[in-house]
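Positions in the sequence shown are counted from 1; adding 1 to them yields this note's numbering.
Hints may be right or wrong, so weigh each one.
Cut-off 30 Å, straight-line C-alpha distance, at most; resulting in silico cross-link-like pairs (DSSO-like, lysine-lysine) [said to hold, decoys possible]:
id	residue 1	residue 2
1	Lys52	Lys31
2	Lys31	Lys45
3	Lys61	Lys31
Derived from the structure by calculation, the hints contain no laboratory data.
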Amino acid sequence: MNNSADELLTVSEVAQQLRVDDTTVRRWIKIGALEAVLLPHIGKRQGYRIKKNTLDEMLKPLTTGAE
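When you get a sec, could you build the whole thing from the sequences and use the hints?
Following this line, the structure appears as structure tokens:
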């Protein structure tokens, strides 16, 4: 059974949610700032998918410890 935490998002979908360019998301993946699934490809551009729960974790508010 596939739950929403296992849902895979495209680079474009992630870019839209974060209000950044696709190139920024790809850069974050390449430098290791954003974990992604590497898709097999033939051609110029590498394909990626980002797990929804990875994006959700990235968007969690930071706690400062002052609480």
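Consistency of the hints with the structure:
1. Lys52 with Lys31: The hint holds at about 16 Å.
2. Lys31 with Lys45: holds (15 Å)
3. Lys61 with Lys31: holds (22 Å)
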